[in-house]
Amino acid sequence: MTQERLPMPDLTCREMLLQMGPSHPAMHGTVKLDLRLDGESIVAVDTTIGFLHRGFEKMCENSTWNQCFPYADRLNYVSPAINGVGLALAIEKLLGIEIPERTKYIRVILSEIARIQDHLTAIAAAALELGGFTAMLWAVEARDYYYYMFEDVTGARVTLSYCRVGGVRNDLTPDFRQKFDHAARITEKLMVDIDRLLTRNRIFVDRMRDIGVMKAAEAIDWGFSGPCLRAAGVPYDVRKDDPYLVYDRVDFDVPIGDRGDNFDRYLVRMEEIRQSLRIIRQCFDQMPDGPVNHPDWQVTHPPKSEVYGTIEGMIAQFELVFRGPVVPPGEVFRSVEGGNGELGFYVVSDGSGRPYRLHVRPPCFAIMQALGDMLMGTMVADIIPTFDSINMIGGEIDR
Amino acid sequence: MLELVLIAFAKCVFLFLAFLLGGAAILSWVERKMSAVIQDRIGPNRAAVFGFTAFGLFHPIADGIKMLFKEDFVPARADKILFFFAPVLSFVPPLLAFMAIPFGPPVAGREWLMVSDSQMGLLFLLAVASIGVYGHTLAGWSSDNKFSLMGALRTSSQLFSYEVGLTLSLLGVFMVYGTIMPQAIIGGQSELMWGWLPRWGIVTQPLGFILFMLASIAETKRAPFDLPEADSELVAGYSTEYSSMRFAMFFLSEFVGILLVSAFGAVLFLGGWNIPFLAGDAWWVVLLQVGAFLAKVGALVYLQMLVRWTVPRMRFDQVIDFGWKYLIPFGLLNLLATAVVLAVWR
Amino acid sequence: MEPILFAVLAAVALVAAVATIAWRNPLRSAFSLIVCLFALAGMFVTLFAHFLAAMQILVYAGAIMVLFVFVIMLLDLSGHGSELKLRILPVLGSLAVLAVAGKFAKTVLSTHPLVTDVPPAVPDSFGTVPGVAELLLGQFLLPFELVSLLLLVAVVGAVVVARRRFWREGK
Chain A
5 MTQERLPMPD LTCREMLLQM GPSHPAMHGT VKLDLRLDGE SIVAVDTTIG FLHRGFEKMC
65 ENSTWNQCFP YADRLNYVSP AINGVGLALA IEKLLGIEIP ERTKYIRVIL SEIARIQDHL
125 TAIAAAALEL GGFTAMLWAV EARDYYYYMF EDVTGARVTL SYCRVGGVRN DLTPDFRQKF
185 DHAARITEKL MVDIDRLLTR NRIFVDRMRD IGVMKAAEAI DWGFSGPCLR AAGVPYDVRK
245 DDPYLVYDRV DFDVPIGDRG DNFDRYLVRM EEIRQSLRII RQCFDQMPDG PVNHPDWQVT
305 HPPKSEVYGT IEGMIAQFEL VFRGPVVPPG EVFRSVEGGN GELGFYVVSD GSGRPYRLHV
365 RPPCFAIMQA LGDMLMGTMV ADIIPTFDSI NMIGGEIDR
Chain B
6 MLELVLIAFA KCVFLFLAFL LGGAAILSWV ERKMSAVIQD RIGPNRAAVF GFTAFGLFHP
66 IADGIKMLFK EDFVPARADK ILFFFAPVLS FVPPLLAFMA IPFGPPVAGR EWLMVSDSQM
126 GLLFLLAVAS IGVYGHTLAG WSSDNKFSLM GALRTSSQLF SYEVGLTLSL LGVFMVYGTI
186 MPQAIIGGQS ELMWGWLPRW GIVTQPLGFI LFMLASIAET KRAPFDLPEA DSELVAGYST
246 EYSSMRFAMF FLSEFVGILL VSAFGAVLFL GGWNIPFLAG DAWWVVLLQV GAFLAKVGAL
306 VYLQMLVRWT VPRMRFDQVI DFGWKYLIPF GLLNLLATAV VLAVWR
Chain C
104 MEPILFAVLA AVALVAAVAT IAWRNPLRSA FSLIVCLFAL AGMFVTLFAH FLAAMQILVY
164 AGAIMVLFVF VIMLLDLSGH GSELKLRILP VLGSLAVLAV AGKFAKTVLS THPLVTDVPP
224 AVPDSFGTVP GVAELLLGQF LLPFELVSLL LLVAVVGAVV VARRRFWREG K
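Chains as they are written, first to last, in our numbering: chain A, 5 to 403; chain B, 6 to 351; chain C, 104 to 274.
Bound-form chain A, shown alone (with noise of 0.2 Å):
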């Protein structure tokens, strides 16, 4: 595959230097490599980030604490659900309240609908970037229903601001069920269809088979987390090893991969999603009725009657919107099985109503720092299929 290439001592040879991005169309805008080339071949790769920073860690210091989550909806804008829930379950343990209990399945289910949108965008980025345009938007059109279905609940397709804390702005439409089952099932035909038209492809397996191969071991050292890091055959998933809200109460598997290349990552993706789906059908089997939102209105919005109608739901509205929601003083730090891996938020109140630090562990840039050593010795087109399939999220990364 790659080739050897020896210094020729009779011909002077020099490399190239190539930059790729952050216009680049492969780059989404928001990464630059410098590449050093032999030919095709990469002798050298100097990553930059950093060209979607918005100062999302600062500008939630200066917002109450539920004015941070349409910020963080922007964090992973491909599966925005998730960073709602991480940041709500977080500020939560800090005020050590428990929230409904439908409430949990409500959340655990937007996540999973949000890690499906995840990896199906993934695959759909690799197969496009690898020529594969059918099968790219065969996954683009079954997230779609996805997207409806968020439409539905939250009023926006992308940027949710859906999580409050100790609760969720609303409950789920009542005909989420049948819109469910439904987007399932097209999602599941359109990945049988996207399996015969990949997984056994000899071109897409030749392109992603022993491409930017990471190791267990040396993948743990990296920091990696999420479908990179099961790839390499690493069982971890936060979902299982520290779970959270309801993922002790259903049933699923998590794949994982032997050689931790490309490939094994297109298929650890491939899998979740048929989990994900797994655990929302059993979450809306449990799922109780209920209230969606915490009882305590020093943490929770009163109802709309209660502020017009009364004197005690007036203070409560006005105390929250303007001071916020009061946090006790304290560090905490939570994480959620994100899109691409362990989706941190360390957090730390004054005991005020705004966050007095708010710190996100991002899951890609972890993997994004590996980015150099998985493209070395590889050729220029080998980039491609890595960078997709560790699926950098410019909003994460940069924040």
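Fair warning: there could be bad hints in the mix.
[Claimed, not checked] Partial chain B-side listing against chain C, Cβ under 10 Å, derived:
hint, residue
1, S147
2, L154
3, I185
[As the list claims (entries may be wrong)] Residues from chain B that keep clear of chain C, each with C-beta distances beyond 10 Å, as calculated:
hint, residue
4, L131
5, Q188
6, K330
[As the list claims (entries may be wrong)] Across the chosen pairs, the derived CB separations fall in these ranges:
hint, chain 1, residue 1, chain 2, residue 2, range
7, A, D257, B, E76, 54 to 64 Å
8, C, L238, B, Y331, 32 to 42 Å
9, B, T58, A, P307, 42 to 52 Å
10, B, D45, A, D185, 17 to 27 Å
Worth flagging that the hints you see were computed from the coordinates, not collected in a lab.
We put the CB at the ideal spot given by N, CA and C, even for glycine.
Chain A is fixed; fit chains B and C onto it per the hints.
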């Protein structure tokens, strides 16, 4: 003499305007519409004249007008002369090559439906088509862009490798029918084997047909061999710096190239204008035969597009490996087998 | 018709040939050489040597020059010209040109209609595919096969030369 020149000129104009430019424009529509159908989309349907969209058939015209009015950008450090010549060089050879393609049988003893019935026969087609590589190569080099340069390098090595395979896949056909003249090859294919099986190239040279299709897709630089312009890694390869009509020429030359290899394949392997069990020189027979030729070209175009929208792109070294380690050995094997069979047969 | 064609093709060939050595840019030189080869192919056609014309384009313009261009593109063109400047070269070059031109002149004069009335006898099949095939695979079969053997040796040799470095390193 003058009469001959005028007739040839008229045939050229008809071929060029009616078939090639019209065909290429329609192909761009077919390509978009077909990919849309494959991908659960609707496809182009917005360009309307007086409210009629005609299934988006106006889009090629709208595209052409748009291309004409776009800024013609030339990079500051480009090699101006070569930058100017490159699109012409990529556009003209496939057009020229069509001169050796017969669209129908000789009518009233003369080749009205074929521009030039020269002694070179299909060698002319091969020779002229082999020049097309310079357009893309020089375009990539003269743009003074590293992505373009890599595209150019890929183009020249890919086309060079696959030209050998393409030529090898044809030699079997030339041997079976004992000629390189297109009309004579079609004449040979019009015969029947054992009284019922048309002696088409695809029947006598099945392996040759497969090799030809593979090599011809590589020669037209389309997926899975579209890495000279691999949009995700090389931005747009050799045409990265091109805009306006110069880009349109590359774009059109790609579609003319598809038409060319399809017509070539139809002549060599699908019996050209031949319809089995139908012969004669009545006007309706000729008309049907021209229609059959166009249908065969359409079928091969359809096959190419189906491949284009199904498979991902190969990597550079894999393409070259495939060309030298599979296509050429199999081509030689096919040649040997054909020679042995012919020697035993006669 | 034929004299006009000849004049045009000859002019193109000459201009392109001069351009080939006059351009400072090697890729432009290569491009000019391709044009020159095309003009020569055109001349072959006017002589009814169709096979030769097709091969001229297919092999020289379509294959060999592609490799030339390929190699030139890999070169770094920022350093102009070669360092080799020997005074003797122009003299040697002129002598060689004169020798070749003299040989050509002799051939042309010996066959030109003005000098000898008898035009060279050329069979109808001259230069066509069957004609060339009969010559190559009939009359000149042994030289033809020897040449292909020579080419095979050259190919194997090229591979050996290119791969030796890898073998020496034990790969």
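Each hint, compared with the structure:
1. S147: This hint holds: S147(B) lies near chain C, its Cβ roughly 8 Å from the closest one there, short of 10 Å.
2. L154: holds, 7 Å
3. I185: holds, 6 Å
4. L131: violated, 6 Å
5. Q188: Holds: least Cβ distance 15 Å, greater than 10 Å.
6. K330: holds, 14 Å
7. D257(A) - E76(B): 54 to 64 Å: holds, 56 Å
8. L238(C) - Y331(B): 32 to 42 Å: holds, 34 Å
9. T58(B) - P307(A): 42 to 52 Å: holds, 51 Å
10. D45(B) - D185(A): 17 to 27 Å: Because 20 Å falls inside the window, the suggested range holds.
Violated hints amount to a single one, hint 4; each of the other numbered hints is respected by the structure.
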